[in-house]
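**Student:** Read off the chains here:
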Amino acid sequence: MAWIPKPSASMKIERRDEPYLTQAMKDELSQRYLPRFETTLAALLPALHMIQHEYHWVPPQAMEEIAEFLGLSPADVLDTATFYEEYALAPRGRHVVGVCRSIACEFCGQPQVTQAIKDTLGIDVGETTADGKVCLVELECLGSCGTAPAALIDEELHEQLTPQRAAELVRQVRSQDAPPPASGREGLAPETASNAPKGASKSAPKSAH
Amino acid sequence: MAWSPKFTQHALCKRIPTWPYADPKDRHVVSYDEYVKTGGYEGLRKALTMKPGDVTEAVKKSMLRGRGGAGFPTGLKWTFLPKLDEGQDDLSKRGPRYLAINADESEPGTFKDRLLMDFDPHLVLEGIAICCYACRLDKAFIFIRGEYHHQAHVLEKAIAEAYDNGIFGPKGLINSNANTGGAKFTVDCYVHRGAGAYICGEETALLEGLEGKRGWPRIKPPFPAVEGLFGKPTIINNVETLAHLPSIVENGPEWFMAQGVESTVGGPPSYGTKLMGVSGHVNRPGVYEFELGIPLRTLIEDYCGGIRGGKKYKAAIPGGVSMGILGTDQYEAELDFDIGRKYNVLGLGTACPTVFDEDTDMVAVARNISRFFKHESCGQCTPCREGSGWLYQLMTRIEEGHAKTKDLDMALEIATSMGSMPGTTICGLADGNNWALRTIMNKFRDEFETRVSPSHVAVKMTIGAAAHG
Ligand SMILES: Cc1cc2nc3c(=O)[nH]c(=O)nc-3n(C[C@H](O)[C@H](O)[C@H](O)COP(=O)(O)O)c2cc1C
Ligand code: SF4
Ligand code: FES
Chain A
62 MAWIPKPSAS
72 MKIERRDEPY
82 LTQAMKDELS
92 QRYLPRFETT
102 LAALLPALHM
112 IQHEYHWVPP
122 QAMEEIAEFL
132 GLSPADVLDT
142 ATFYEEYALA
152 PRGRHVVGVC
162 RSIACEFCGQ
172 PQVTQAIKDT
182 LGIDVGETTA
192 DGKVCLVELE
202 CLGSCGTAPA
212 ALIDEELHEQ
222 LTPQRAAELV
232 RQVRSQDAPP
242 PASGREGLAP
252 ETASNAPKGA
262 SKSAPKSAH
Chain B
9 MAWSPKFTQH
19 ALCKRIPTWP
29 YADPKDRHVV
39 SYDEYVKTGG
49 YEGLRKALTM
59 KPGDVTEAVK
69 KSMLRGRGGA
79 GFPTGLKWTF
89 LPKLDEGQDD
99 LSKRGPRYLA
109 INADESEPGT
119 FKDRLLMDFD
129 PHLVLEGIAI
139 CCYACRLDKA
149 FIFIRGEYHH
159 QAHVLEKAIA
169 EAYDNGIFGP
179 KGLINSNANT
189 GGAKFTVDCY
199 VHRGAGAYIC
209 GEETALLEGL
219 EGKRGWPRIK
229 PPFPAVEGLF
239 GKPTIINNVE
249 TLAHLPSIVE
259 NGPEWFMAQG
269 VESTVGGPPS
279 YGTKLMGVSG
289 HVNRPGVYEF
299 ELGIPLRTLI
309 EDYCGGIRGG
319 KKYKAAIPGG
329 VSMGILGTDQ
339 YEAELDFDIG
349 RKYNVLGLGT
359 ACPTVFDEDT
369 DMVAVARNIS
379 RFFKHESCGQ
389 CTPCREGSGW
399 LYQLMTRIEE
409 GHAKTKDLDM
419 ALEIATSMGS
429 MPGTTICGLA
439 DGNNWALRTI
449 MNKFRDEFET
459 RVSPSHVAVK
469 MTIGAAAHG
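Heads up: the protein sequence lines correspond to chains A and B, in order.
Quick note on numbering: the first sequence equals residues 62 to 270 in this note's numbering.
Quick note on numbering: the second sequence equals residues 9 to 477 in this note's numbering.
Simulated from the structure, these hints should not be mistaken for laboratory data.
In this text, a Cβ means the ideal position worked out from N, Cα and C, and glycines have one as well.
There could be a bad hint or two in this list.
[Claimed, not checked] Label-pair distances were calculated between CB atoms; the ranges are:
(1) E217/A x K320/B: 35 to 41 Å
(2) K59/B x S134/A: 33 to 39 Å
(3) P13/B x S134/A: 56 to 62 Å
(4) A136/A x G313/B: 25 to 31 Å
[Said to hold, decoys possible] Not close to chain B: a few residues of chain A, all C-beta gaps over 10 Å, as computed:
(5) E115
(6) S163
(7) Q176
(8) T223
(9) Q237
[Claimed, not checked] Derived pair list, reagent style PhoX-like, types lysine-lysine, alpha-carbon separation capped at 25 Å:
(10) K221/B x K87/A
(11) K59/B x K33/B
(12) K59/B x K179/B
(13) K59/B x K221/B
(14) K59/B x K14/B
(15) K87/A x K179/B
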């Protein structure tokens, strides 16, 4: 869970003209989600999921746009967004490799798997490769304890990992594609991307807390 | 006496090939058509010929207990809903009532609900429809953990099939039933994705998450059956609990009560079968379905192929790290709802044992578990937020060999003070942390003692009568 101090004095929200919350997203929210709920706030998790899925992080400007669209205060959106680990509040790698570190995985070979990934990517847990492509994090139990060790690469689960298989997978992921220009920011070195509310100097995910 | 099953078929895994009655390699997603061809939605059809109150009575009689961890009697929970007057089936004459399905499965070591969602989603949906009919609930939200991308997908697809075939939605089966006095009664069902927070498995945190807020457990009372989602009457049940409903309604409560065991310690019975996801150092890990009451040794030796590499059993977590640990001398423990009172653990939990062999470092186990709780504490209550951090620090220190005897005593004192005293924390997470750490430190005390150096001044700290176990 995250308790994130924010650099209130120096925090600046970087803006762009093109909205993050697209018309298609707004339509989906108003047609598919809002009719289900008694409050507009209840559509917040789905809205944040859309942003996270599209841009691989949740920019502060997007939070403001969601707030405006759902009739909430930006503070409400920030409050919820900071609580849930799936939402990255600073840009991190285009792909996220999340290795389970919980009980069954740790005692069925996860440390070796994590080590193999670290060696292959040349980064530590909580870091992103310099090309901005892959970020390595550790997650808690992924519900694949019977097929441990497990890792979630973006939205796909990989089970019964060996160090060799894990290394091969991250190599594949890294060579997959160029960072899409649309979101623009992923290519930036982590240090230059410290405008997010958490003011993190690294692309440390909340789970590194 | 050797344990043998009284009931030699699967109830929940009827369509999901599962050892020892079928080969897990043959598993596939059961579509609506296949589900119906193999007797699916018969339970719902039968329920619709009964009065809603009679369905609740049948579930109450079966003594079905919640499969999400707490083992609370399901039928009894349903009776806590406010009573509806005659003719109030019509939604326009009253406020909405909700069902929240707990598919947040995040307790380390637990992977059983996933099996149902992976392969037989309509079994879950049929259970949802029956529950909504029995309790007069208008909308069902399946709150599924964010990491279950594939399962959310499978469910969405199955829900679309169910809408097309008149299970949910305006022209539903439920609509065509005569027992609601001719009133229009429909059910809607949605998938709602979480976003990576273990605490959202706690039922009131789940409701907060559904409402778009941070997942902070609520202070109870009011209980959700009275004031739940959006302040309206809400029932929260686990995926597996709901999946039991079709067969209970179809075959009657007596059929269910013939499976499982009575309590031997004067508690409520443990009837029915249970999904048991075995992980850790066994030869054939995976999800099994057995009657409650199967001894851990039988499960591991007879069905899971024994301990890996010919090693010896050392310890097991009965069902999720919150439950504490079964020691080396507790290999015979029967997996039923009595387990807490008989074997000094918190309870059966999710009945998904994580098994450790003789080479396992129990200090490392304690450190892993304490890190989990530190990471997942929502931070509302001081004993939990601070205590979990302290315990993690102490466990790390012990593991690294920098600790003294007094650190061990302090760790026990902190664990004991978390959640043992009722009312000091809002939810059960702190209690889970307490039981996990306290039982490991007590049942494997010698391992911890060899890792710490003696204190210069012996300090023995214990607080109050709660310092037992
Ligand atoms: C910290 C905590 C985490 C929990 N996580 C889950 C979970 O992931 N899945 C679940 O079904 N129940 C979980 N529970 C139990 C629920 O609060 C609740 O008892 C259960 O969903 C009720 O459904 P049942 O009666 O059908 O078991 C959790 C409880 C606590 C205190
Ligand atoms: S006990 Fe822990 S997890 Fe539960 S409400 Fe309190 S701080 Fe949050
Ligand atoms: S412990 Fe790693 S998936 Fe459950």
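**Student:** State for each hint whether it applies.
**Tutor:** Hint check:
For E217/A paired with K320/B, a C-beta distance near 37 Å keeps the hint of 35 to 41 Å intact. Separation of K59/B from S134/A is about 47 Å and departs from the stated range, judged on CB atoms against 33 to 39 Å. The given range of 56 to 62 Å is respected by P13/B and S134/A, whose C-beta atoms sit roughly 57 Å from each other. Evaluation of the 25 to 31 Å hint for A136/A and G313/B yields a failure: the beta carbon distance comes to about 55 Å.
Annotated as non-interface, E115/A keeps its C-beta farther than 10 Å from every C-beta of chain B; the closest such distance is 15 Å. Chain B draws S163/A into its interface by the beta-carbon criterion, the shortest separation being 4 Å against a cut-off of 10 Å. The claim that Q176/A is not at the interface with chain B holds, since no C-beta of that chain comes within 10 Å of its own (minimum 16 Å). Separation of T223/A from chain B is adequate, the least Cβ-Cβ distance of about 15 Å exceeding the 10 Å criterion.
Look at Q237/A: its CB is around 18 Å from the nearest CB on chain B, clear of 10 Å, so calling it non-interface holds up. For a cut-off of 25 Å, the pair hint linking K221/B to K87/A stands: about 20 Å separates their Cα positions. Between K59/B and K33/B the alpha-carbon distance is near 41 Å, which puts this suggested pair outside the 25 Å criterion. Distance check on the hinted pair: K59/B and K179/B sit about 20 Å apart at the alpha-carbon level, within 25 Å; holds.
With a C-alpha separation of about 37 Å, the suggested pair K59/B and K221/B falls outside the 25 Å cut-off, and the hint is violated. At most 25 Å may separate the alpha-carbon atoms for a hinted pair to count; K59/B and K14/B exceed this at roughly 32 Å. For the hint pairing K87/A with K179/B, the CA-to-CA distance comes to about 28 Å; that exceeds 25 Å, so the pair is violated.
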